[in-house]
Amino acid sequence: MTDFVQSQINNQILTVRINRPERKNALTHAMYTALGDALEQAESDDGIRCVLFTGSEDCFTAGNDLSDFASGLQGSFRETPVGRFLMLLAKATKPVVAAVNGPAVGIGTTMLLHCDFVFAGTNARFQMPFANLGLCPEGGSSLLLPSWVGRVRSAELLMLGGAFTAEDAYRLGLINRVCDPSDTEKAAMETCEKLVNQAPAAIRATKMLLNKPIQQELEATMLAEGELFSARLKSPEAAEAFGAFMQKRKPDFSRFK
-13 MTDFVQSQIN NQILTVRINR PERKNALTHA MYTALGDALE QAESDDGIRC
37 VLFTGSEDCF TAGNDLSDFA SGLQGSFRET PVGRFLMLLA KATKPVVAAV
87 NGPAVGIGTT MLLHCDFVFA GTNARFQMPF ANLGLCPEGG SSLLLPSWVG
137 RVRSAELLML GGAFTAEDAY RLGLINRVCD PSDTEKAAME TCEKLVNQAP
187 AAIRATKMLL NKPIQQELEA TMLAEGELFS ARLKSPEAAE AFGAFMQKRK
237 PDFSRFK
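Following the working numbering, the numbering of the sequence shown begins with -13 at its first residue and continues without gaps.
Because the hints were derived from the structure by calculation, they are not lab data. Owing to the predicted nature of the structure, the values given are computational and were not obtained by experimental measurement. Think of the CB as a built atom: it goes at the ideal place given N, C-alpha and C, for glycine as much as any other residue. Fair warning: there could be bad hints in the mix.
Said to hold, decoys possible - Below are the DSS-like pairs computed for lysine-lysine, each with C-alpha atoms no more than 25 Å apart in a straight line:
no., residue 1, residue 2
1, Lys236, Lys220
2, Lys10, Lys236
3, Lys234, Lys10
4, Lys172, Lys198
5, Lys172, Lys10
6, Lys198, Lys77
7, Lys77, Lys180
8, Lys180, Lys198
9, Lys77, Lys234
10, Lys180, Lys193
11, Lys198, Lys220
12, Lys220, Lys243
Claimed, not checked - Derived CB-CB ranges, DEER-like:
no., residue 1, residue 2, range
13, Gln60, Ala185, 36 to 44 Å
14, Ile(-5), Ala141, 47 to 55 Å
15, Val138, Ala185, 35 to 43 Å
Using the sequences and the hints given, assemble the complete structure.
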């Protein structure tokens, strides 16, 4: 594990904490590798029955570290650290719980679509600003989001890329509960404790049946999104968006067709 991704096993719960506060928990390739390693550990260790993803009381993750992703992704999407993590998350057989406070940007929102339980603090702010950055949806969000919240709401969230609150997320059915930020992780942990006391094979079977109807379609969608996302990272639009972000100005897409 990198120092920026910390893991701990306690009472059959693997807690994975994103811990890079000086950069608002922005994710690098190395951090994605550590997150993927944690999921592989959970799958292979019979002593782990549940995974909890969390950040701090102030921040879940600001999304990808743009300075780390500006050079693009190397190789096929499935083989990249981010692709490996997302595919492992989508195929996880054990329950995955998330505790979210503060910013949950990009992957910080889309990864939650693969979690079985999500608890968010009143200070949580969700956002999928892919189009704003000259990119496209990832993590299966172009399939999962419309199936949950409908086509027009998905278009608003993915094309306009605006932020939305924990109350909005609850109303859309994206999270289980809105908490005081100081109680978010506690609420998530209480659910993890309930899960580990259930019959483990029954829990895995239930999760498999819930996911089975769209499993193949989801994998195909994630791979298609990933390849297009990789291409978009190298696009002139993304270069303009990334440059504008670094220069703290609004991007100008007026010259693009």
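Against the structure, the hints:
For the hint linking Lys236 to Lys220, the alpha-carbon distance of about 19 Å falls within 25 Å, and the restraint holds. The straight-line distance between the Cα atoms of Lys10 and Lys236 is roughly 21 Å, inside the 25 Å bound, and the hint therefore holds. As the CA atoms of Lys234 and Lys10 are separated by approximately 17 Å, the hinted pair is consistent with the 25 Å bound. At roughly 30 Å between alpha-carbon atoms, Lys172 and Lys198 are farther apart than 25 Å, so this suggested pair is violated.
Straight-line distance between C-alpha atoms of Lys172 and Lys10 comes to about 21 Å, which keeps the hinted pair within the 25 Å bound. Among the hinted pairs, Lys198 with Lys77 is consistent with the structure: their alpha-carbon atoms are about 10 Å apart, no more than 25 Å. With a C-alpha separation of about 22 Å, the suggested pairing of Lys77 with Lys180 holds against the 25 Å cut-off. Our distance criterion of 25 Å between C-alpha atoms is met by Lys180 and Lys198, whose separation comes to about 24 Å.
Straight-line distance between C-alpha atoms of Lys77 and Lys234 comes to about 38 Å, which puts the hinted pair past the 25 Å bound. With a CA separation close to 15 Å, the supplied pair Lys180 and Lys193 stays within the 25 Å bound. With a C-alpha separation of about 34 Å, the suggested pair Lys198 and Lys220 falls outside the 25 Å cut-off, and the hint is violated. For the proposed pair Lys220 and Lys243, the alpha carbon gap of about 16 Å is at most 25 Å, so the pair holds.
For Gln60 paired with Ala185, a C-beta distance near 43 Å keeps the hint of 36 to 44 Å intact. A C-beta distance of roughly 41 Å is found between Ile(-5) and Ala141, which places it outside the suggested range of 47 to 55 Å. In this structure the supplied range 35 to 43 Å holds for Val138 paired with Ala185, their Cβ-Cβ distance being about 40 Å.
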